[in-house]
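S.K.: So the chains spell out like this:
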Amino acid sequence: MAHVELKRIVARYNDFVAVDDVSLSIGAGKFVTLLGPSGCGKSSTLRIVAGLHKPDSGIVQFNGNDVTGVNSAQRNIGMVFQSLALFPHMTVADNVAFGLRMRKAARADIESQVKRMLAIVRLDHLADRFPVQMSGGQQQRVALARALVITPSILILDEPFGALDRKLREAMQVELHALTRQLGITALFVTHDQEEALMLSDTIAVMNRGRIEQFGSPEDIYRSPKTQFVADFMGVTNFLDGEIVDSDATSAKIRVGSAVFSAPTTQVMMAGQSVKLAIRPEKVVIGDPLSPAAGSIDGRVRQITYHGNASRCVIDLASGEALIALQNVTDASPLAVGSLVSARWRPEDVHLFGA
Amino acid sequence: MMDRIQLYSFRIIAYALYVFLLAPLVCIVIVSFNYEPVQSFPPSSWSFRWYGAALQNANFTNGAMVSALVAFGATLIATPIGVLAAVGLWSSTSRVKPALEALFVAPIVVPGLVTGISLLVALSAIEIRAAPIKLLVGHVLIVMPYVIRTTLASLAQINPALKEAAETLGASPRQTLFQIILPLIRPGIVAGMIFGFILSFDDVNVSLFLVDARTTTLPVSVMSYLQYSFDPSVAAISSLLIGFTFLITVALERLFGLKRLFAGH
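Just so you know, the protein sequences line up as chains A and B, in that order. Residue numbering for the first sequence follows my numbering, beginning at -13 and increasing consecutively. Residue numbering for the second sequence follows my numbering, beginning at 226 and increasing consecutively.
Any given hint could turn out to be false.
[Stated by the list, open to error] For lysine-lysine, the following BS3-like pairs were computed, each having C-alpha atoms within a straight-line distance of at most 27 Å:
hint : chain 1 : residue 1 : chain 2 : residue 2
1    : A       : LYS262    : A       : LYS239
2    : A       : LYS90     : B       : LYS388
3    : A       : LYS90     : A       : LYS101
4    : B       : LYS388    : A       : LYS262
5    : A       : LYS16     : A       : LYS40
6    : A       : LYS101    : B       : LYS388
7    : A       : LYS269    : A       : LYS212
8    : B       : LYS322    : A       : LYS90
9    : A       : LYS(-7)   : A       : LYS212
Keep in mind that the hints were calculated from the coordinates and are not lab data.
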């Protein structure tokens, strides 16, 4: 288990800058996730930590030692690939034993280690199977066991659950969470799935265009996104154009169309400044337009879709913008497509970004 | 109704093609049992005498020995070179990779005649005159492109992440080659070796320029024999070759399953 540090990493592919001056610290025993859309540089960053790609500049440190020039085979890492990359011509036991054999461990030692690791991932009864004879979830656990048996400095996972169906995926997430905490292992995880990132991570680095937009705990990232991109990526899908009317150090009044809303701020903002108000769909409350409350905006329901535990309403506003609201289905809501409604939210549910 | 007509006409065409391909082979086998000293069809009376004659013909037996040794030696030399070339091409990200790939399989495209003459000229220029060596060099060129092609086909089926997985687990490039890549592409290598061996054993065009009076391959001696005599001993030796090839095919099918071999799994 190691403390891993990235310092000012830059990686280019021809003219394309995949990783643009990324610095990142992964504490010993911590689970860090690189989260972002495809092409954001998360996989390139991961490959640089794994030693599968050499950065154009910058330093990779394991426990304070510079390993930038050390190739993958000497870094003592455990990696779970997106395609799993199990060796198809080897049994499960041989797959798991491979890393130990490369380290020239004693035969008896290899045998007991493999046994122990297969027991941990609950595959001890399938040791003699070949990967093709196993289910997706079982193959996943073999890949994990193979990466973990060598007691790596860091466990690196490249979207390992992408190919699994939803139910299996959730089961594997729970398992991975338990396993990494139980073994106290340092882990670097890459995904584009925000829920997965929130659930598994101690810390999340949200990446966009080769840069880290925000680095913080799941609560931080979810509750107080620092940039519009992070907010958008973490499921805040409503962005309304507004203009500051008045502001002090902790709150601001913003005009959106004919309505005025309050929102918390961390600094004084200039009156007249254009801003974006971001509100999560589940925080939008839909009410009756005939009894308008302060800080509400009127609109017309364009679409209602059913999502099991909630209905999703798309509301057209006078400004031409659309607002999405998730409504609890248990609410006795007489909503119908085409009806006039009034939408509001609590001031603390608004995130403000400079437009 | 239309479907039936289509089905039957398809079948008829398919069977016609089989007949077209196999009839000459059946014909030559039948002719080889002719008693008369001419290759006439159908034979008027039957015997095994031409098999005896063929096997007592020193040109044929020596030729068969030379062909077998050359094909075997050439396969032995061409396989490691071809496999390493294929693995190198597979791993390469170079921009000249397609050009290199074309270059390596070029001997398939160049007419054997041209290869033969070029080798004759080039090898005498560097004072290599021993027919066995000349033949070996020529036949390495015959076998190698097939090994490279079938090996590349096998490599194309391998998930490139396997190589990286081995690397992250601490394997050196050599360990990755021997423990991961080679075991996975073995069917392709074996297929290429068999292809190459048969084509080498069968070759006339290249060999024609590289043999001498004392060292001649079987196909070349069969050809020169045909220029002076037309007795069924040639049919007999051909029938033996057909039987030999058939046996190899059956053995391979039993051992590996030919479909698997050529599909590269």
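S.K.: For each hint, tell me whether it holds in the structure or not.
M.R.: Outcome of the hint check:
Using a Cα cut-off of 27 Å, the hinted pair LYS262 (chain A) and LYS239 (chain A) holds, with the two alpha carbons roughly 12 Å apart. Restraint check for LYS90 (chain A) and LYS388 (chain B): the C-alpha separation of about 19 Å stays at or below 27 Å, so the hint holds. With a C-alpha separation of about 17 Å, the suggested pair LYS90 (chain A) and LYS101 (chain A) falls inside the 27 Å cut-off, and the hint holds. Distance restraint check for LYS388 (chain B) and LYS262 (chain A): the Cα-Cα separation of roughly 48 Å exceeds the 27 Å cut-off, and the hinted pair is therefore not satisfied.
With a C-alpha separation of about 24 Å, the suggested pair LYS16 (chain A) and LYS40 (chain A) falls inside the 27 Å cut-off, and the hint holds. For the hint pairing LYS101 (chain A) with LYS388 (chain B), the CA-to-CA distance comes to about 25 Å; that is within 27 Å, so the pair holds. A hinted pair counts as satisfied when its Cα atoms are at most 27 Å apart, and LYS269 (chain A) with LYS212 (chain A) qualifies at roughly 19 Å. For the given pair, LYS322 (chain B) sits about 36 Å from LYS90 (chain A) by alpha-carbon distance, which is inconsistent with the 27 Å threshold.
Our distance criterion of 27 Å between C-alpha atoms is met by LYS(-7) (chain A) and LYS212 (chain A), whose separation comes to about 22 Å.
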